[in-house]
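There are 2 protein chains.
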Amino acid sequence: MLRNDGGQRAEFTARYFVESPDPLQKVAETIAGEQSSGTFLELPGETAELKQRARARVTRIEPQAPALEPGLHSALVERRGHHGVFHRGEIEIAFPVDNVGANLPTLLATVAGNLYELGELTGVRLLDLDLPEAYAKRFPGPRFAVAGTRAKAGVHGRPLIGTIIKPSIGLSAEQTAALVDTLLAGGIDFLKDDELTADPVHAPFDQRLSAVMPVLHRHADRLGRMPMYAINISGTVDEMLRRHDDVLRAGGTCVMASINWVGFAGLQHLREHCELPIHGHRNGWGALSRHPGLGMSFPAYQKLWRLAGVDQLHVGGLRSKFSEPDAAVVEAARACLAPFAGSAPVMPVFSSGQWAGHAPALYAALGSIDLMHLAGGGIVSHPAGVAAGVASMREAWEAATAGLPLADYAAQRPALRAALEKFGSMV
Amino acid sequence: MLRNDGGQRAEFTARYFVESPDPLQKVAETIAGEQSSGTFLELPGETAELKQRARARVTRIEPQAPALEPGLHSALVERRGHHGVFHRGEIEIAFPVDNVGANLPTLLATVAGNLYELGELTGVRLLDLDLPEAYAKRFPGPRFAVAGTRAKAGVHGRPLIGTIIKPSIGLSAEQTAALVDTLLAGGIDFLKDDELTADPVHAPFDQRLSAVMPVLHRHADRLGRMPMYAINISGTVDEMLRRHDDVLRAGGTCVMASINWVGFAGLQHLREHCELPIHGHRNGWGALSRHPGLGMSFPAYQKLWRLAGVDQLHVGGLRSKFSEPDAAVVEAARACLAPFAGSAPVMPVFSSGQWAGHAPALYAALGSIDLMHLAGGGIVSHPAGVAAGVASMREAWEAATAGLPLADYAAQRPALRAALEKFGSMV
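Protein chains in written order, with our numbering: chain A, -5 to 421; chain B, -5 to 421.
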């Protein structure tokens, strides 16, 4: 453990897992150098001052057990030859705020840029980062977050129960509207497009919006609140702004974007224009995260997207069809709900393989109802239909928050009971 | 090998490496389903028509030797248990163009989205993709590419010899201008900012532009052509457009962006507004590419960014400080120079650890001089100074293109000879 003094310089920090044939101290200094003042030319008289203002500092080193084999291949390591162990551990680096300013692409270039390619590293993963509150406030941050999402949806005191329009892609605008009608008749709080459906020829965005909004309004009149539909506006910057305006004008209450591919500049631009909560779809996340010694962990990822301004963010699902273990899903949701540099918590969105039976485990893990619980089959394949599927989800959350076993609570509740009977083997 | 008939449906294809406990045919169908029509609700009478228009097709399966251990962890595989081998191979999937349209974020969501997280997969990497020319033409594509870059730089018949402003970050605007002056006096064709330097407090963008442009104009007057300076405009969408306009108005000839973090929507927006070549910096590329069974290979990556409109793209360097083997660097540069769906070749940018000695290997590998060859130490640490460093690079390319051994060509050329003496151990 090593701590330096940053003096009066405002700094943000990034924490990494690293692995290298070089000792941790050396490789940490390599990263700190590469990601700040880097290679030096001789500039007589200037070097000390330049280092003082621009050079990143290694602020912590926590060794782990070394490895006998490298986690990732490196041509540099192979060329040099290496016959010892590969050192592993966590390091923390403090960067001067003034190097970057309120510039998201450059913040990413600093904490998640060329360092991934450094030949000295056979493992490098951004685990987390921290920003001084005064610095974080210079980024947009979520405009709606949990509280604004709840206000727009008119749902309080329980999770938002939702589902995804399926088939993923292929429904016409009219088929989409008919499905939306069926789902809302069943009591769904929240609907979203699939990430693959943005502006397909078989269901162009404009037609989809025109077809679904009357259905939403009809149910809003019945409910006294507008069900939330995260309509996928992903596209060019101009398209996203225009589609947002159309959704807003039509009375919609949410927009969705494929954040990794829209990118930080595009998402921030949307956020600055946007008068609706932004549903952040993280498709492509696996490419950044699936190798434990590479890429990024979700606690860092969600902070970066909170700075950009997402209000709702996908976190996977317990025992889902996806590769992440439940512990990672829970960690992701906790991160969304945790304070971060003065920014409001954002709504974690659980989906994939979800049903009523997951409510107790989620509540036990999070101690919160501030989440979206999206079920596909768990709602639409309920033996008594969509309404019973939704009821089973709500009842499960009632039981979970009251600390009652699902089976007991289900005794007098046929919807939950039928869900337990049909899906019970999936817990 | 398996080929289906796509009939009249226009399709684009994506080729993947995959690994799975499931047989290749099964896992390929899983991916094709997940990334198109996906989960089906019962929609009587509609299913066949919907599949016909929206369902992706598996068009090729090429098995490789199976693995005994999984390349990536999957909670789903662990939960199910698996005692056999892990099947490996390449697959190709054909997607209907009409599912996506001219929508880059959704194209990415389709070929590089949730599939990375599928629990059935213990390896998944996008290797390449192909688009029908008529489809590719609906995206912006590079406006300048190789030919437009050469025209703006006024350099023909040889590679552009360049360097990077170093220290990476920390120089004041005035220090930057002084360094630019020194480098241009030495005959540099091309300069770029470090990706870490966009709008730092110690050298704000506006001050940097104001300081360097008079220097560039002074050398332009001397040379009869404007040296190209890729000034880093990365930031918000509005900042990038404004900075581009400022560069253009000041007579600059290139802008640079951190493409992964600006993102596809932001970069496309810049491209549509942009009247200068876009220098695409790929920092963060390692996170997407370093594990061979995950993420993306460069042939796919560069096509996606060519669609968005980059004109120049980083490809690493031979025997560099980075982790990629030389073969990957050469493959990347070849991909940039190869035709793609009617779009012009883009300029590959070589940097890191480069010097004159790399010219013959690069020319042998590429058979082209359409590239930027960026050297740091290889130019500024030349024993006879910057001008001799630049001369050594040009002389090395003269020798390479003439098919003459460097040592022979250096006999009457002191700059090249001194480079070989100083850096010769680095080849």
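Worth double-checking, as some hints may not be accurate.
Treat identical chains as interchangeable: a pair holds within one or across any two.
Distance condition first, Cα-Cα at most 25 angstroms in a straight line; then the derived SDA-like pairs of lysine to any residue [stated by the list, open to error]: (1) 131 with 144; (2) 131 with 7; (3) 131 with 181; (4) 416 with 73.
Keep in mind the hints are simulated off the structure, nothing from the lab.
Verification of the supplied hints:
1. 131 with 144: Within one copy, since 23 angstroms is at most 25 angstroms while 43 angstroms is not.
2. 131 with 7: Close inside one copy (16 angstroms), not across copies (43 angstroms); limit 25 angstroms.
3. 131 with 181: neither (38 angstroms within a copy, 44 angstroms between copies)
4. 416 with 73: between (58 angstroms within a copy, 20 angstroms between copies)
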